[in-house]
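Go by the hints and put chain B onto chain A.
Taken in sequence, the protein lines are chains A and B.
Add 1012 to a position in the first sequence, counting from 1, and you land on the number used in this note's numbering.
Add 6 to a position in the second sequence, counting from 1, and you land on the number used in this note's numbering.
In short, the hints are calculated from the structure, not lab data.
Ideal Cβ placement from N, Cα and C applies to all residues, glycine included.
Hints should not be assumed to be uniformly reliable.
As the list claims (entries may be wrong) - When the alpha-carbon atoms are kept at most 35 Å apart in a straight line, the in silico DSBU-like pairs for lysine-lysine are as follows:
| hint | chain 1 | residue 1 | chain 2 | residue 2 |
| --- | --- | --- | --- | --- |
| 1 | B | K24 | A | K1046 |
| 2 | A | K1394 | A | K1423 |
| 3 | A | K1161 | A | K1287 |
| 4 | B | K85 | A | K1427 |
To be verified - Sample of chain A residues with no beta-carbon within 10 Å of chain B, all distances over it, derived:
| hint | residue |
| --- | --- |
| 5 | R1069 |
| 6 | N1105 |
| 7 | G1256 |
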Amino acid sequence: MNAPHTALKQREAGFDVERYRADFPILRSRVNGKPLVFLDNAASSQMPQPVLDRWIRYQTTQHANIHRAVHHLSEVATAEYEGARRKIQAFINAPEEREVIFTSGTTDAINLVAHGYGRKFIGPGDEIVLTTLEHHSNIVPWQMVAEEKGARIRVVPINDRGELAIDEYERLLGPRVKLVGLPHVSNALGTINPVREMIAAAHRHGIPVLVDGAQAVPHLPVDVRALDCDFYCFSGHKIYGPTGIGILYGKAALLEKMQPFKGGGDMILSVTFEKTTYNVIPHKFEAGTPPIAAAVTLGAAVDYLSEVGIERAAAHETDLLDCATEQVNRLPGVRIVGTAEHKAAVLSFIVDGVHPHDVGTLLNEEGVAIRTGHHCAQPVMKRYGIPATSRASFALYNTMAEVDALVAGIKKVQKVFR
Amino acid sequence: MSDSKQLYQEVILDHNRKPRNWGALAGATHRAEGHNPLCGDHLSVTLEMQDDAVNAINFQGESCAICKASASMMTTAVKGRSRRDAEELIREFRDMATGQLDVAQPNHLGRLTVFAGVRDLPTRVKCAILPWHTLHAAFNSIATTTTEAEEDPMHAPIGGSA
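With the rest of the complex left out, here is chain A:
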């Protein structure tokens, strides 16, 4: 192996990936007789034992419904649930805990804003600015609003490397634009977008900005105060937590003037058949019994990631990405899609003459789990004139040996299809 690879291996030793790997029971699985090489982390990451244990401890010793009864367990559960909210507030540096809303995931969070803000404040002739890099979950809710209200969606293009055209973006901003939606990190290509500058540009026109942070929160320190974003959305299951839980951060002033998304218990102050008075934020947006165990467990996941150190994890993931990029670039007949200068943990690629689904099935044969398809980002695929890519995505527990397994697997695919 050449020098850079060796240097990366040495740096990996400093991170002690094996120590963290040991925390993740599922990584000891075998698939098709081979050790599991899990490289589909951008879709969903795995949960470490301390986080799994937290779920069990909550359910075995702390569970009751929250915000309701006066009995002991209800008070404990409420304290744990609200404690998780404060952990997440600290994790993203939100100014106030009431600005952190539990949702079922990023999709739910975006839909909440589309309904609560979009349907209230976007009208005929207004514009919503999105980017080519958007996941479908940050396209479809806005299309629904646009269709209902007679508004228009404008799209920021990307260059061949998969970077947003910032000049074009700034030209799109104007008095008709009522909201900007941006992905912090592209799920299909891994591009890290200059969201801070883009938010500042929107704010010069008085336009609020929603950031889809689903792919950023696992890999970058996120500070919503420094970003000055108006809304920030992410999912628990991509940051070593459970499915069914996610976060909407929103500035209090905006959340307060939004309409509720779902009606039900807990989001009200009083109800008569004539009139309902809504609860204050965040409860206004948390109708019904929330996924309490999932919220508490997400708090533990955030603790876990903080203990590892998100900057250390990110540096390790960058090493993995650099190593994978370098090795894949050396394979004849394999093309990397998305070559932005700033990328996080995602390697999308195409093997000449082999459909990504065939690549995925044959890699699975080697125990290597990757994602193949359009990654719920069809506009990105269309931009490159391809139906799909193969995507390897990294987490803190992946190793250089797993990168080697991926590369060996790709070579095997090429051999089968030769």
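Below, chain B alone, put in the same frame as chain A:
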């Protein structure tokens, strides 16, 4: 040992490399487009029917190896057959791919049984079935079809998330 090694057999790789009856028929009497929106597989089937038999059949499109080989072998299998026999093959192929037909039982599939392994790869079943589904649509003069929703021939789940 999974079945994907068995699935990527030489006959399938060969039909993928050199698809038979490729292109569009100029004098087609029946045609349909098939699309799997979840993976982007897309193909068109054109037919020339004469006296209720498949006189000629072509296909073209963009898809994975399983879908392309399935389409190629389908065209060679149904060419010259009556519509009724072809419909029978469509049914048998679909049942084989979804695990409802045991290939040890009497059937008309012949070499098409190389696709039997897809039954163990739920996300790939639709790849193999799409050409047959499209042929069925062409017979019934349905211009476009997909593998999804109410048109889903076997309601098999396939991944489509982040």
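Take the C-alpha atoms of K85 (chain B) and K1427 (chain A), compute the straight-line distance between them, and say whether it is at most 35 Å.
-> holds (33 Å)
### Query
Regarding the pair K24 (chain B) and K1046 (chain A), is the alpha-carbon distance no greater than 35 Å?
holds (33 Å)
Against chain B, does N1105 (chain A) keep a CB gap of more than 10 Å to every residue? holds (25 Å)
### Query
Taking the minimum C-beta separation from G1256 (chain A) to chain B, is that value above 10 Å?
At roughly 13 Å from the nearest Cβ of chain B, G1256 (chain A) sits farther out than 10 Å, so the non-interface label holds.
### Task
For the pair we were handed, K1161 (chain A) and K1287 (chain A), check the Cα-Cα distance against 35 Å.
Within the cut-off at roughly 26 Å; holds.
Original post:
Under the criterion that the straight-line Cα-Cα distance not exceed 35 Å, is the pair K1394 (chain A), K1423 (chain A) satisfied?
Top reply: holds (27 Å)
Exercise. Run the C-beta distances from R1069 (chain A) to all of chain B and say if the shortest one exceeds 10 Å.
Key: Nearest chain B Cβ is 29 Å from R1069 (chain A), so the label holds.
Checked against the numbered hints given earlier, this structure breaks none of them.
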